[in-house]
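J.: Quick mapping for you: the protein sequence lines, in order, are chains A and U. FYI, the numbering for the first sequence is 45 to 846, going by the numbering used here. FYI, the numbering for the second sequence is 34 to 173, going by the numbering used here.
Just so you know, these hints were derived from the structure itself, not from any lab. Note that the Cβ used here is the ideal one computed from N, Cα and C, for glycine as well. There's no promise every hint is true.
Ranges between beta-carbon positions, derived for each pair [stated by the list, open to error]: (1) A:R224 x U:D75: 32 to 42 Å; (2) A:A618 x U:Q49: 17 to 27 Å; (3) A:G209 x U:D75: 44 to 54 Å; (4) U:D75 x A:T480: 46 to 56 Å; (5) U:N119 x A:E239: 28 to 38 Å; (6) A:E755 x U:T118: 23 to 33 Å; (7) A:I841 x U:N119: 50 to 60 Å; (8) U:Q49 x A:Q649: 43 to 53 Å.
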Amino acid sequence: MNRLVVVGNGMAGVACVEQILKHAPKFEITIFGDETHVNYNRILLSSVLAGEKAADDIVLNSLEWYEQNQIQLRLGVRITDIDAAAKTVTGDDGTVTLFDKLLLATGSVPLIPPIDGAKKDGVYVFRNLDDTRALLERAGKGAKAVVIGGGLLGLEAARGLQVQGCGVTVVHLMETLMERQLDSTGGGYLKSKMECLGVKVLLERSTTAILGNEKVEGVAFKDGNTVEADFVVIAAGIRPNVELGRKAGLQVNRGIVVNDFMETSHPDIFAVGECVEHKGICYGLVAPLLEQGKILAATITGNKGPRYEGTVPAAKLKIMGVDVFSAGDFSEKAPGTDVVRSEDAALGIYKKLTLRDGKLSGAILVGDTSDSHRYMDWLRTAADLTSQRRQLLFPGPSEDAGFDVAEMPDTKVVCGCIGVTKGAIIEAIHKKGVNTLSQLKECTRASTGCGSCTEHCQQLLKAVVPEFQEESQKVLCKCLSYSEEKLRDIVRGQRIFSVQEVLDIYGNGLGCEICKPALSYMMDVVWCGDHDEDRSARFINDRVHANIQKDGTFSVVPRMRGGVTSAKELRRIADVADKYNVPMVKVTGSQRIDLLGVKKSDLPQIWADLGMPSGQAYTKGVRMVKTCVGTDFCRFGVQDSTKAGIELERRLEHLYTPAKVKMGAVGCPRNCAEATVKDIGLVGQEGTWQVVVGGAAGKKVRKADLLITVESAEEALQAATLFFQYYRENADFLERTYDFIERVGIEKVRRETVYAPLAVQQGLRERLRKSKRLARDAWLEGDEPRHPTQFVQIEPIEKVYQ
Amino acid sequence: MNYNNSHSKKWVRVTQVENIPLREGRSVQIAGHDIAIFNLGDRFLAVENKCAHRGGPLSDGIVSGKTVVCPLHAWNVDLETGQVTNRPEETPCVKTFPVAVRDGVVMLELSVSDNDHVALQASCRDQTGPQSLSAISARD
Numbered sequence: 045m046n047r048l049v050v051v052g053n054g055m056a057g058v059a060c061v062e063q064i065l066k067h068a069p070k071f072e073i074t075i076f077g078d079e080t081h082v083n084y085n086r087i088l089l090s091s092v093l094a095g096e097k098a099a100d101d102i103v104l105n106s107l108e109w110y111e112q113n114q115i116q117l118r119l120g121v122r123i124t125d126i127d128a129a130a131k132t133v134t135g136d137d138g139t140v141t142l143f144d145k146l147l148l149a150t151g152s153v154p155l156i157p158p159i160d161g162a163k164k165d166g167v168y169v170f171r172n173l174d175d176t177r178a179l180l181e182r183a184g185k186g187a188k189a190v191v192i193g194g195g196l197l198g199l200e201a202a203r204g205l206q207v208q209g210c211g212v213t214v215v216h217l218m219e220t221l222m223e224r225q226l227d228s229t230g231g232g233y234l235k236s237k238m239e240c241l242g243v244k245v246l247l248e249r250s251t252t253a254i255l256g257n258e259k260v261e262g263v264a265f266k267d268g269n270t271v272e273a274d275f276v277v278i279a280a281g282i283r284p285n286v287e288l289g290r291k292a293g294l295q296v297n298r299g300i301v302v303n304d305f306m307e308t309s310h311p312d313i314f315a316v317g318e319c320v321e322h323k324g325i326c327y328g329l330v331a332p333l334l335e336q337g338k339i340l341a342a343t344i345t346g347n348k349g350p351r352y353e354g355t356v357p358a359a360k361l362k363i364m365g366v367d368v369f370s371a372g373d374f375s376e377k378a379p380g381t382d383v384v385r386s387e388d389a390a391l392g393i394y395k396k397l398t399l400r401d402g403k404l405s406g407a408i409l410v411g412d413t414s415d416s417h418r419y420m421d422w423l424r425t426a427a428d429l430t431s432q433r434r435q436l437l438f439p440g441p442s443e444d445a446g447f448d449v450a451e452m453p454d455t456k457v458v459c460g461c462i463g464v465t466k467g468a469i470i471e472a473i474h475k476k477g478v479n480t481l482s483q484l485k486e487c488t489r490a491s492t493g494c495g496s497c498t499e500h501c502q503q504l505l506k507a508v509v510p511e512f513q514e515e516s517q518k519v520l521c522k523c524l525s526y527s528e529e530k531l532r533d534i535v536r537g538q539r540i541f542s543v544q545e546v547l548d549i550y551g552n553g554l555g556c557e558i559c560k561p562a563l564s565y566m567m568d569v570v571w572c573g574d575h576d577e578d579r580s581a582r583f584i585n586d587r588v589h590a591n592i593q594k595d596g597t598f599s600v601v602p603r604m605r606g607g608v609t610s611a612k613e614l615r616r617i618a619d620v621a622d623k624y625n626v627p628m629v630k631v632t633g634s635q636r637i638d639l640l641g642v643k644k645s646d647l648p649q650i651w652a653d654l655g656m657p658s659g660q661a662y663t664k665g666v667r668m669v670k671t672c673v674g675t676d677f678c679r680f681g682v683q684d685s686t687k688a689g690i691e692l693e694r695r696l697e698h699l700y701t702p703a704k705v706k707m708g709a710v711g712c713p714r715n716c717a718e719a720t721v722k723d724i725g726l727v728g729q730e731g732t733w734q735v736v737v738g739g740a741a742g743k744k745v746r747k748a749d750l751l752i753t754v755e756s757a758e759e760a761l762q763a764a765t766l767f768f769q770y771y772r773e774n775a776d777f778l779e780r781t782y783d784f785i786e787r788v789g790i791e792k793v794r795r796e797t798v799y800a801p802l803a804v805q806q807g808l809r810e811r812l813r814k815s816k817r818l819a820r821d822a823w824l825e826g827d828e829p830r831h832p833t834q835f836v837q838i839e840p841i842e843k844v845y846q
Numbered sequence: 034m035n036y037n038n039s040h041s042k043k044w045v046r047v048t049q050v051e052n053i054p055l056r057e058g059r060s061v062q063i064a065g066h067d068i069a070i071f072n073l074g075d076r077f078l079a080v081e082n083k084c085a086h087r088g089g090p091l092s093d094g095i096v097s098g099k100t101v102v103c104p105l106h107a108w109n110v111d112l113e114t115g116q117v118t119n120r121p122e123e124t125p126c127v128k129t130f131p132v133a134v135r136d137g138v139v140m141l142e143l144s145v146s147d148n149d150h151v152a153l154q155a156s157c158r159d160q161t162g163p164q165s166l167s168a169i170s171a172r173d
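Just chain A, with the same shape it has in the complex (with noise of 0.2 Å):
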């Protein structure tokens, strides 16, 4: 059998050596690797650096993968010499090994340029994954990053060290960011799209030195200006990596130079990936390393035939919010050259397509790449657009949904990266049984690359197969495409603290009366209060703390725990409603008080009169425990359900929530107070107490669900208050308690509260304690307004009469 020796674990190799696996006939293979780990996704290391990934989640070949195979694994071994006469490669452990024919994929290194310092402690590159790691270890909050380099690596280290909490600025050389793939304008957009999200940019500075004796302190440029750094990460380019070519005698230019069969200058040394130069061109990206691939495998298997003819440049900037694509070439200078371009500076859209010949040759997309299958798809098919030009940018209301995945050909690409067709997908889900989306990029890679089109695969998989589930992907509204749970995601993994940002930087920038309220309630659930709460994007009920009634007045509804009053309590009621012409006094469903008719301006001085906290009636929050008599004067009474009400409401009062929530105690199974149409309701029995959820008696009735029997009062509130921290955590705006349960199902709610592993329970009672710690009386602001002019109308400075 032959042999054949792979000298590079990465994407490329890998990728290459799966499809001559494919061929027969079989070789015996070993793959050397410099790096530790088994074959992972290089273009998601970003994602693990901004935390949205871990190492292990971008994994693309396990060691069993290897076993199966029977591919001996050298990790940790580099390739130190070839011997092309005698067939041997040396490795630095010192081993050397035969083969019959050699593969180099040995990729690239980072790109130094001629700066002093570069080899400081505190100088850090971005190429892989123990870089990544210790960027990590490095990062941290408040820490001063520098990156040298506003291309595409650059940028998405920058956001990646940003989300770690470090203070970013972008250095770079060029007049505009990502130069090679944006013109002017479109790196323009890129900038304040980086600036939004608080990277600084810094453009036209030739960094000449990095500062500091024993570590970093900053860099220095040319003009003589300085910027303080506590670490640098050069990220100025990658340069082939050829040095085992030359060492072989290989015909070496920039890159080991092969011919269209994938062929070097050695009959038995053939070379894939970022290493090779092809027709002059050295590739960066993957889509063209796995073409490469596919054509290797055919040569090296004997089956040449297949030419590899070159790959469109295509990118795509993997920040999320930050959407960018760009494709083929997009210069304007070529005669014969139309261009077609659309901005929208306000929502930071940016749109320009060049065309030669009636045919697509570049585009570039800043702000929103929903079309850039479409575009890929001309480039790459060299599709004729005479007839199209009066909707090259904005297409027909039939093709406004960009992909059909009925009407698309079978032919028709679906995964840019690794070139899986649509056809390929389908036979994927006929022949080989895929019904979910791991399945389809274990079976196809469909989707490992860059992942944009993992869309584009559910889609189809939702077609095909018919018992395939869809993830609910309800979308919050116009302003934002995302689900509230992704949102939720993104703002805990981008550690963003306030509405305006998530608006600026997911959204439309405007945002709405439906995502405003949403995001403010997300804010302060994801950061237990510890957030930048925006006023202006709450609605007037939370920004006055009173309800809002159809002339404009507002109704005030003081909290009395448990429903218990007391006759001094009663008295400055009456009071204040005769002191401030109270129109209508009356007692709630909910054993509160309501005052009806407030004047705005009145609030403060009526919450100082009354001197009880906030009923929080007006918001989506804690209303209220509503408690039966229990054992101190009732005949039937088993348990104190007034006391375990009052404790109840004692503990959650102050917070808010998704929807309002409506609490109940109850003594006996008579259920005086309704606990078990109430949103979390405590029923006491002889012995024990239950804790039901998801009960209702609005629009619809529902008996709530049991929660948890227990034997202790305490062990009844402490079940209702970890249900209380999940329903706060995991259901989306405006869902009550009676729809979060029957969406996620009662057994998941037990599973994942009261019978959760123990270090699940903590971390949520951990949450609670932080938000109620900085929860407080709303009303407490009639003392000292937020804003001078929260309560009160605008005085006029000059009078004037009509």
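Assemble the complex: chain A is given as a structure, and chain U must be docked to it using the hints.
T.: Structure of chain U alone, referenced to chain A:
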């Protein structure tokens, strides 16, 4: 000078800009109008503080771009034109008022009686004339 009950348009100083927080509205009673003034960040806009639907207080609404959403029934009112934008079948419209900012003070152009005009002129002699004011943007 005419001392009869005739009216003319005049710029009136209303309030310091900081009295209206970013992306919020505030109401003011002036010259017989209840007016809602909004701070949109790059400019201020003013409309009658009365929704075209059921008269809700627009100054208490959530701002969405250059639109305010009435707190009572979520009708959207365009603050530039006064048009209701989310009910295409409805044509009513809210009155708008020209706004300018000068020396950190929000000003409204209102129709006032000439009696008052005299008093105004006396107290604001050093102000720039109305014509040039209308050209001043919200943040100068």
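J.: Work down the list of hints and note, for each, if the structure agrees.
T.: Structure-based check of each hint:
1. A:R224 x U:D75: 32 to 42 Å: Given range 32 to 42 Å: holds, Cβ gap about 34 Å.
2. A:A618 x U:Q49: 17 to 27 Å: Given range 17 to 27 Å: violated, Cβ gap about 40 Å.
3. A:G209 x U:D75: 44 to 54 Å: Distance hint for G209 (chain A), D75 (chain U) is violated at roughly 31 Å.
4. U:D75 x A:T480: 46 to 56 Å: Taking Cβ atoms as reference, D75 (chain U) and T480 (chain A) lie about 48 Å apart, which means the hint holds.
5. U:N119 x A:E239: 28 to 38 Å: For N119 (chain U) and E239 (chain A) the Cβ distance comes to about 33 Å; the hint holds.
6. A:E755 x U:T118: 23 to 33 Å: 58 Å, violated
7. A:I841 x U:N119: 50 to 60 Å: Violated, at about 35 Å.
8. U:Q49 x A:Q649: 43 to 53 Å: This hint is violated: roughly 24 Å between Cβ atoms.
The structure shown violates the earlier hints numbered 2, 3, 6, 7 and 8.
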